[in-house]
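Chains as they are written, first to last, in the working numbering: chain A, 1 to 312; chain B, 1 to 312.
Treat the hints loosely; a few may be bogus.
Each pair may be met inside one copy or between any two copies, as identical chains are not told apart.
Listed below are the simulated DMTMM-like cross-link pairs for lysine to aspartate or glutamate, each with C-alpha atoms no more than 25 Å apart in a straight line [as the list claims (entries may be wrong)]: (1) Lys82 / Glu277; (2) Lys43 / Glu103; (3) Lys62 / Asp33; (4) Lys274 / Glu8; (5) Lys274 / Asp26; (6) Lys82 / Asp133; (7) Lys212 / Asp51; (8) Lys30 / Asp226; (9) Lys62 / Glu83; (10) Lys106 / Glu271; (11) Lys227 / Glu311; (12) Lys132 / Asp226; (13) Lys227 / Asp33; (14) Lys227 / Asp26; (15) Lys62 / Asp226; (16) Lys43 / Glu96.
Quick caveat, the hints were computed from the structure, so don't treat them as lab data.
Number of protein chains: 2
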Amino acid sequence: MMPVDMAEYSIGIDLGGTNLRAAAIDRSGKMLDKIGGATHFEKGREAVLGDIVSAISTLRGKHSSGDLAGIGVGVPGFIRMKEGFITNSNNLPYLENFPVRDELGKRLGTPVILENDANAAALGEKWIGAGKDVDDLVLLTLGTGVGGGIISGGRVLRGSVGMAGELGHTTVVPNGNPCGCGNQGCLEKHASATAVVAMAHMMHLGENLTAKDVGDLAGQTGEVGDKARAIWRSMGEALGIALATLVNTFNFPLYLLSGGVLPAWQYFAPEMLKTLERRSFTFRASQPRIEQATLGNEAGLYGAAYLPWSEA
Amino acid sequence: MMPVDMAEYSIGIDLGGTNLRAAAIDRSGKMLDKIGGATHFEKGREAVLGDIVSAISTLRGKHSSGDLAGIGVGVPGFIRMKEGFITNSNNLPYLENFPVRDELGKRLGTPVILENDANAAALGEKWIGAGKDVDDLVLLTLGTGVGGGIISGGRVLRGSVGMAGELGHTTVVPNGNPCGCGNQGCLEKHASATAVVAMAHMMHLGENLTAKDVGDLAGQTGEVGDKARAIWRSMGEALGIALATLVNTFNFPLYLLSGGVLPAWQYFAPEMLKTLERRSFTFRASQPRIEQATLGNEAGLYGAAYLPWSEA
Chain A
1 MMPVDMAEYS
11 IGIDLGGTNL
21 RAAAIDRSGK
31 MLDKIGGATH
41 FEKGREAVLG
51 DIVSAISTLR
61 GKHSSGDLAG
71 IGVGVPGFIR
81 MKEGFITNSN
91 NLPYLENFPV
101 RDELGKRLGT
111 PVILENDANA
121 AALGEKWIGA
131 GKDVDDLVLL
141 TLGTGVGGGI
151 ISGGRVLRGS
161 VGMAGELGHT
171 TVVPNGNPCG
181 CGNQGCLEKH
191 ASATAVVAMA
201 HMMHLGENLT
211 AKDVGDLAGQ
221 TGEVGDKARA
231 IWRSMGEALG
241 IALATLVNTF
251 NFPLYLLSGG
261 VLPAWQYFAP
271 EMLKTLERRS
281 FTFRASQPRI
291 EQATLGNEAG
301 LYGAAYLPWS
311 EA
Chain B
1 MMPVDMAEYS
11 IGIDLGGTNL
21 RAAAIDRSGK
31 MLDKIGGATH
41 FEKGREAVLG
51 DIVSAISTLR
61 GKHSSGDLAG
71 IGVGVPGFIR
81 MKEGFITNSN
91 NLPYLENFPV
101 RDELGKRLGT
111 PVILENDANA
121 AALGEKWIGA
131 GKDVDDLVLL
141 TLGTGVGGGI
151 ISGGRVLRGS
161 VGMAGELGHT
171 TVVPNGNPCG
181 CGNQGCLEKH
191 ASATAVVAMA
201 HMMHLGENLT
211 AKDVGDLAGQ
221 TGEVGDKARA
231 IWRSMGEALG
241 IALATLVNTF
251 NFPLYLLSGG
261 VLPAWQYFAP
271 EMLKTLERRS
281 FTFRASQPRI
291 EQATLGNEAG
301 LYGAAYLPWS
311 EA
């Protein structure tokens with residue numbers, strides 16, 4: 001019998017806005033080890049690269065008798081797959097247009113796969129999460145912004161450069177709020193946790209609210225509850241418009257939602273589904289599932305670790 | 001040397017709203033034979049099936065010394081791939097929920113592949129048309145309605161049931177004109193040849209116009225020309241909104257347009273590209289090509305014929 005620690009494993013990295021997490025995960029999806037914590041992003045590129053290399057080296061040291069299948073790194077921002085660059089990353093400006101993948105590979109002495117964080121999360125859900133029984137799914141991450149990941153035939157749909165799946169910038173209100181991307185009325189301006197909080201502030205529901213707070217307010221009676229529920233219905237309608245286009249485009253069996261808005265599911269999902277039902281005949285004809293993702297914050301970590309096997 | 005008529009060939013059928021066309025095409029894309037003409041759709045299912053079988057038999061007879069790779073049939077409407085059914089076909093109601101694929105296969109004694117007409121057209125363009133140098137493209141057919149076909153990794157993206165690519169029902173004006181699909185403000189309500197003609201009639205530009213007429217009017221000076229050009233700019237903007245979402249979603253290298261609006265390209269393309277440039281950062285970052293399809297009405301015929309090779 002092969003000792004447990006001889007088994008094949010992979011290392012996944014999830015580089016978020018404020019945290020760096022790393023995990024060693026085996027082929028069956030069992031998390032063997034996880035390390036993480038705040039990273040001092042303000043210290044610049046060398047510090048962040050050093051943190052990544054150090055986290056990976058620690059995990060490799062602990063599993064040195066195992067067989068490392070590869071290393072996957074999920075990062076916010078656009079990926080230029082061919083060059084292994086990150087571009088347009090609000091959180092990691094100093095990693096932009098720098099050969100992140102090759103530099104990490106050189107320091108670690110082993111190839112690294114770079115992937116957009118929402119794409120990695122979609123792959124994680126496909127591997128061992130809410131999407132494990134399908135080969136095709138779309139994930140929307142509804143948090144600070146809205147990210148998207150498309151899994152087609154079991155693999156991440158990347159497009160020619162590696163930028164596919166930017167679903168948060170689907171137009172849902174053509175003359176709506178301006179978005180940093182240059183567009184107006186993007187999904188992320190109407191259905192992210194940030195958008196919900198902004199609506200709540202504009203409607204005087206309180207200060208320094210989180211999306212979870214706005215969800216809690218929706219449970220109240222009276223004017224406050226009415227306003228909060230109206231916000232969630234509006235958010236649900238925007239989501240329904242975008243989902244209708246996605247369902248008409250892909251005809252996939254599964255669409256997953258994750259992120260900070262999920263606790264308010266009961267307040268936005270009815271309007272989302274009503275809108276989707278009305279606006280998409282493909283939805284009515286094929287009855288895809290619209291569900292909550294199940295891996296939460298771990299999805300990106302699992303997906304990053306799965307990349308070496310997915311690409312093999 | 002192998003005699004020419006011994007070469008491998010395929011038969012493609014394009015079943016349109018008023019015409020049935022059939023072609024024998026060889027592996028290099030050379031059209032060996034083409035037959036077609038009006039079909040008496042009003043005579044019902046048996047007549048249409050008989051016409052299809054007869055056209056195919058004629059072509060097989062003429063190429064009996066060749067090696068038939070397969071038969072592909074492009075039809076308007078949704079395809080349920082697993083069952084080989086057509087559903088939601090406005091033009092062919094009596095073919096709905098009938099095992100068209102298996103019935104044709106039985107009568108012909110050889111398997112038949114059924115495909116949506118816009119998907120077939122996209123595949124044709126990928127094979128020997130404007131998309132022959134790429135593996136990933138989106139085609140929008142802007143005619144009576146707006147159809148869509150998505151080619152991913154060289155093959156038609158079908159989705160779980162076979163209904164993927166219904167891009168004409170992308171929402172471009174959330175509170176816009178009601179569409180037969182249940183949605184409002186669908187792309188096809190704003191950018192089809194039919195939509196352009198409807199706008200021209202509403203703006204009193206004449207009666208019984210075609211999209212080509214409205215294109216010709218745009219070349220005039222004075223009030224009539226101003227109105228016609230405004231219509232095309234509006235159409236171009238709607239198209240730009242939908243294309244921005246498509247580019248953000250797929251990050252493919254090529255997006256093709258075909259259909260009855262193409263002669264007015266010079267009047268709608270500038271606004272389309274301006275809108276796309278502004279609304280899609282992926283467009284700005286990856287500079288995909290937005291081009292006219294090159295096979296015209298033949299695209300669906302070529303694509304249908306290519307299906308047996310594509311699926312092999």
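Now for the hints, and whether the structure bears them out:
For the homomeric pair Lys82 and Glu277, the shortest alpha-carbon distance between copies (23 Å) is at most 25 Å, but the shortest distance inside one copy (39 Å) is not. In the homo-oligomer, the alpha carbons of Lys43 and Glu103 lie at most 25 Å apart inside one protomer (18 Å), although the nearest pairing across protomers, at 69 Å, exceeds that limit. Taking the shortest alpha-carbon separations for Lys62 and Asp33, only the intra-copy value of 9 Å comes in at or below 25 Å, while the best inter-copy value is 68 Å. Proximity of Lys274 and Glu8 under a CA criterion of 25 Å is satisfied in neither setting, with 46 Å inside one chain copy and 51 Å between copies.
Taking identical chains as interchangeable, the C-alpha atoms of Lys274 and Asp26 are never at most 25 Å apart, the minima being 41 Å within one chain and 49 Å between chains. Only between protomers do Lys82 and Asp133 lie at most 25 Å apart by alpha-carbon distance; the minimum there is 18 Å, versus 30 Å within a single protomer. Neither within a single protomer nor between protomers do Lys212 and Asp51 lie at most 25 Å apart by alpha-carbon distance, with minima of 31 Å and 62 Å respectively. In the homo-oligomer, the alpha carbons of Lys30 and Asp226 never lie at most 25 Å apart, since the shortest distance is 44 Å inside one protomer and 66 Å across protomers.
Taking the closest pair of Cα atoms, Lys62 and Glu83 never come within 25 Å of each other, the shortest separation being 31 Å inside a single copy and 52 Å across copies. Within a single copy, Lys106 and Glu271 get their C-alpha atoms no closer than 50 Å, and across copies no closer than 47 Å, so neither meets the 25 Å cut-off. Taking CA atoms no more than 25 Å apart as the test, Lys227 paired with Glu311 passes in neither setting, with 47 Å inside one copy and 53 Å between copies. Taking the shortest alpha-carbon separations for Lys132 and Asp226, neither the intra-copy value of 38 Å nor the inter-copy value of 56 Å comes in at or below 25 Å.
In this assembly of identical chains, Lys227 and Asp33 lie within 25 Å of each other by CA distance neither inside one copy nor across copies; the values are 44 Å within and 67 Å between. In this assembly of identical chains, the alpha carbons of Lys227 and Asp26 never lie at most 25 Å apart, being 47 Å within a copy and 65 Å across copies at closest. For the homomeric pair Lys62 and Asp226, neither the shortest alpha-carbon distance inside one copy (54 Å) nor that between copies (73 Å) is at most 25 Å. With identical chains, the CA atoms of Lys43 and Glu96 are at most 25 Å apart within one copy only, with a shortest distance of 15 Å there and 64 Å across copies.
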